[in-house]
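For reference, the chains in residue letters:
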Amino acid sequence: MNAKLETAATAAPTAPIKRRERRNPLDYSSMRWMQIVLAGNFMFLYFPILALVAFSFNDSKRNITWQGFTLKYYEKAWNNIALHDAFMNTMTIATISTLVSTTFGTMLGLAIYRYKFPGKALYDGWIHLPIVIPEICMGVSMLAFFAAMNIPLGIFTITVSHIAFSIPFVAVVVRARMSGFDPSFEEASTDLGANQWQTFWNVTFPYMMPGVVAGALLAFTLSLDDFVITFFTSGPGSTTFPIKIYSMVRFSVTPEVNAASTALIVITLTLTITAMTIQSRSARRQGK
Amino acid sequence: MIKMGRSTLSGVTRRNFLMGSAAVGVSLVAGAGRGQAAEEKRVNVYNWDTYIGEQTLGTFNARTGIQVQYDLFANNEELYAKLKEGNPGYDVIFPSDYMVELMITTGVIVPLDHSKLPNLKNIHKNFQNQAYDPGMKYSAPYMWGTMGFGYRKSKFDKAPDSWGAVYDPAQASKYSGKIALLGDQRVVIGSALKYLGYSMNSTDEKQIAAARDLVIAAKKHIKSFAEDNGQDLLLSKEVDIAMEWNGDIVQVMEEDSDLSYVVPKEGSNVWSDNLCIPKDAPHPENAHAFINHVLDAKVNAEIANTIHYATANAAAKPMLLQEDLDNPAVYPPEAIVATCEAIVDVGDNTRLYDEAWTAIQAA
Amino acid sequence: MEDWRKSKAAFAIFMAPATFWLLLFFTVPLAIIWVYSFGERGPQGQTELAVSLENYARAVEWIPLKILWKSLWIATISTVICLLLGFPLAMGVAFAPKRWKNPLLLIVILPFWTNLLIRTYAWIAILRISGFLNFGLEWAHGLLDAGFGVIGMPGLMGEFQPLELLYNNSAVIVGLVYVNLPFLVLPLYATLEKLDKSYLEASLDLGAGQWRTFFSVTVPLTMPGIASGVLLAFILSLGTFLTPDLLGGTDSMMIGNLIAQEFGPSRDWPFGSALSFVLMYVTFFVLWLRATVASRSSGVGEAG
Chain A
1 MNAKLETAAT AAPTAPIKRR ERRNPLDYSS MRWMQIVLAG NFMFLYFPIL ALVAFSFNDS
61 KRNITWQGFT LKYYEKAWNN IALHDAFMNT MTIATISTLV STTFGTMLGL AIYRYKFPGK
121 ALYDGWIHLP IVIPEICMGV SMLAFFAAMN IPLGIFTITV SHIAFSIPFV AVVVRARMSG
181 FDPSFEEAST DLGANQWQTF WNVTFPYMMP GVVAGALLAF TLSLDDFVIT FFTSGPGSTT
241 FPIKIYSMVR FSVTPEVNAA STALIVITLT LTITAMTIQS RSARRQGK
Chain B
1 MIKMGRSTLS GVTRRNFLMG SAAVGVSLVA GAGRGQAAEE KRVNVYNWDT YIGEQTLGTF
61 NARTGIQVQY DLFANNEELY AKLKEGNPGY DVIFPSDYMV ELMITTGVIV PLDHSKLPNL
121 KNIHKNFQNQ AYDPGMKYSA PYMWGTMGFG YRKSKFDKAP DSWGAVYDPA QASKYSGKIA
181 LLGDQRVVIG SALKYLGYSM NSTDEKQIAA ARDLVIAAKK HIKSFAEDNG QDLLLSKEVD
241 IAMEWNGDIV QVMEEDSDLS YVVPKEGSNV WSDNLCIPKD APHPENAHAF INHVLDAKVN
301 AEIANTIHYA TANAAAKPML LQEDLDNPAV YPPEAIVATC EAIVDVGDNT RLYDEAWTAI
361 QAA
Chain C
1 MEDWRKSKAA FAIFMAPATF WLLLFFTVPL AIIWVYSFGE RGPQGQTELA VSLENYARAV
61 EWIPLKILWK SLWIATISTV ICLLLGFPLA MGVAFAPKRW KNPLLLIVIL PFWTNLLIRT
121 YAWIAILRIS GFLNFGLEWA HGLLDAGFGV IGMPGLMGEF QPLELLYNNS AVIVGLVYVN
181 LPFLVLPLYA TLEKLDKSYL EASLDLGAGQ WRTFFSVTVP LTMPGIASGV LLAFILSLGT
241 FLTPDLLGGT DSMMIGNLIA QEFGPSRDWP FGSALSFVLM YVTFFVLWLR ATVASRSSGV
301 GEAG
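Residue numbers (this note's numbering), protein chains in the order written: chain A, 1 to 288; chain B, 1 to 363; chain C, 1 to 304.
If we strip away everything but chain A, and leave its shape as in the complex, we get (with noise of 0.2 Å):
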């Protein structure tokens, strides 16, 4: 069964031959039109962070020329101690939050994708809703909410609101990587004696895997860069690197704020790795 996936995510390199030969056309990424395209895709997407990287080497109080080259305001950013904090909740609020989200996220998707039930297109509209509410509003509610039940603001109300949204992000992502699944590979491992636990996270689990990976993401950046909903359920000491961000952006884009955005970019990307290599390890030896 496995195999059989396997086959398919990976037919490109394993086609006939003959056909490699006179080049796969399947093999999009070596493609020149497609290398093409996909180099003008990538500039578009790090232009701007190359912009904002290399301001924040620029020895001037603001973004505006260049004036030459310093370290200054990575010193700035290290010894701003606000700083370090806001990053640390934003770090907590952003890993609960996705872990919660992704996991709930998925097994609606998954409830949503396999079972019919009366209501189901209703269901579906519901809970879209936190995708459709423009922000504000959804910031709003939430304050009024927590005050309306007496639950001091800060990090956990944050975290549940962050919860909330992401929800419905990673059912979409899961739900629409499912719609292509075919049941029968599920019946097929049954058949060959498998149990029902096993064929879950053998079969189906290893199918939907990217879709969660998607969604993991998607919760994880949603989180890490609310400033509306954030703003409205936080509470004295719970100030999150977007809102010190909005803050200080007030007085205009300084290199500091630069450099301290380059060095969140850089954090999250090495922990990111981090979580990934140790993950691509533990698969491996699990033999997976």
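Don't read these hints as lab results, they were simulated from the structure. This one's a predicted model, so the numbers in the text were calculated from it and none came from an experiment. Be a bit skeptical, because a hint or two may be false.
Partner residues are not named here, just some residues of chain C that face chain B (Cβ under 10 Å, in silico) [as the list claims (entries may be wrong)]:
1) Gly42
2) Glu138
3) Met253
4) Leu258
5) Val286
6) Arg290
Here are the simulated PhoX-like pairs of lysine-lysine, each with C-alpha atoms no more than 20 Å apart in a straight line [to be verified]:
7) C:Lys66 / B:Lys219
8) C:Lys6 / A:Lys116
9) B:Lys237 / A:Lys61
10) A:Lys120 / C:Lys6
11) B:Lys279 / B:Lys137
12) B:Lys158 / B:Lys237
13) C:Lys70 / B:Lys219
Beta carbons: idealized from backbone N, C-alpha and C, even for Gly.
Given chain A, put chains B and C in place with the hints provided.
Then chains B and C, alone, in the frame of chain A:
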């Protein structure tokens, strides 16, 4: 959820952890545990960013042993939205003039105990009886300033000292596409009202409509309603004249000597920020101690010299930087300030401004 | 053992956590705002509960409708561009060798781990008169000018005039495309990745060209992913307010800005709530329209 509190490495104390876990089940925490007698050595300050001295918090901690938890907001409306449903736990906040008035009428802030604020005597007499809070019952004045034009000197024969520079088509057409106004309904419509000779706080439907039409007519020359970044537009030469708050222009004047600031002669907005204590503050004693500290002449001078804003503190004056005192963008001539008005909350008439502003944007 | 795919208990276990969470921490709060939308603004901007449809009447007046219409247009254009850019990007990642997939995905998402505000300011630094793009153009212009000088036609290019790229609706669209790209690319990737490549091979073997294969095999088979991605990008563009605020000109107000204005400076929460609900109804109408059109146009797979 309890796990969350533990895994939070920094910035979250035991107290927050307790709050978080209490929130899971019961909702009894809000009023409880805030004993009057012995306050914990802590004060939660909610301020604008870069709006305090470099040493203020450190000297406060050294003097009193109280730890400052410092959080940030970006505008008055956010501050109000946050507090109007109940105080999330802040002890000292920094609202502007009209917001103080609004917060008094809606019961968001509580009266100050003057016996705990001996340094209130340092406040300049001009600020002791502001219309929004006569006698400083609820608010201790902090910094003040004006709204006006930042402009590129080399592009102007003389300083654009009238709102006509943007609202008179003959003048504005010379700078077509090189003008930025603020993205703020009250000050933009207010400036047009001033140009027409009315009050910035007009509640007359016809006057506001006239101001609206004036701005709509000027729109073809205006590049952007800048979201409080007009100073950047000036510095990068995107525009030659920008309606802005003085403090923002002061900052870019340090970088580019070709930039200057002027308050139009028809009069403009004068604003002032204040220290207040919100209702249900968990540490009112410490809040008073903090406000009194900020009002100290020496502490206050250090703040003003760091952030280059005009202070409302008369006792601090001898210690202020001469360059700030001489800078008309920081301390404009008194005659000009006399023509300026503070923004006042206009109650139900806010809707007139709201609809005029939406019409301007959609036109 | 009962098959979990048919078991009611399994269904409940899968549905319960998310349903509970969204009920308690989204729907109940939203209900408060729904009640607000029938209320009245007090003189100081308090929300006074009432049963009045006035806010809805205001929300469908000419000016808000005009702004809403404009927002729908901008969201549509930016979503279409997003799709044109995002499809090859998603394909590039999905068709890459297996060990490259996750790293490539990371490369795609990485720019979005920078703060939205900072990214938008970076676009300002690129697009403004003294921005990187104009610097590049000026440099190219200088090269060309020198070139024409060499062949004896100096000054043919004339003086370099920097382009005014910021503070207009095109800048807003560029900003929106940039901000919402990952929301389109990720669902699309998740569907493209599972695409059984033997279908494509069959199509190619049968003599269909790459384009024909793309439009008659790849697109129909990945329709659920396209639909979800377009849906996310469109809805998020529709409700945006930061991008038009920072990159837009004097006529770039979108419905999200109007809603932010009501919750912010105008302190008219009831009207802001009503506007939010009108926006929601319009969005659902668009979704319904899409579903109807999709079901009518010969069964192109499951939509949404």
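Evaluation of the provided hints:
Checking Gly42 (chain C) against chain B: minimum C-beta separation of about 9 Å stays under 10 Å; hint holds. Interface hint at Glu138 (chain C): violated, since its Cβ lies 14 Å from the closest Cβ of chain B, which is beyond the 10 Å cut-off. The criterion of a C-beta within 10 Å of any C-beta in chain B is met by Met253 (chain C), whose closest approach is roughly 4 Å, and the hint holds. With 10 Å as the threshold, the beta carbon of Leu258 (chain C) comes within range of chain B, its nearest partner Cβ sitting at about 6 Å, so the hint holds.
Interface restraint check for Val286 (chain C): the shortest CB-CB distance to chain B comes to about 21 Å, outside 10 Å, so the restraint is violated. Evaluation of the Arg290 (chain C) hint against chain B yields a violated restraint, the C-beta minimum of about 27 Å exceeding 10 Å. Proximity of Lys66 (chain C) to Lys219 (chain B) is assessed by CA-CA distance (about 18 Å); at most 20 Å being required, the pair is judged to hold. Among the hinted pairs, Lys6 (chain C) with Lys116 (chain A) is consistent with the structure: their alpha-carbon atoms are about 10 Å apart, no more than 20 Å.
With a C-alpha separation of about 16 Å, the suggested pair Lys237 (chain B) and Lys61 (chain A) falls inside the 20 Å cut-off, and the hint holds. In summary, the hint linking Lys120 (chain A) to Lys6 (chain C) is supported, as the alpha carbons are separated by about 16 Å, within the 20 Å threshold. Taken as a hint, the Lys279 (chain B) and Lys137 (chain B) pair is honoured in the structure, with Cα atoms around 14 Å apart against an allowance of 20 Å. Only pairs whose Cα atoms come within 20 Å are accepted, and Lys158 (chain B) paired with Lys237 (chain B) is accepted, the gap being roughly 18 Å.
The suggested pairing of Lys70 (chain C) with Lys219 (chain B) holds, with an alpha-carbon distance near 18 Å, which does not exceed 20 Å.
In summary, the numbered hints that this structure violates are 2, 5, 6.
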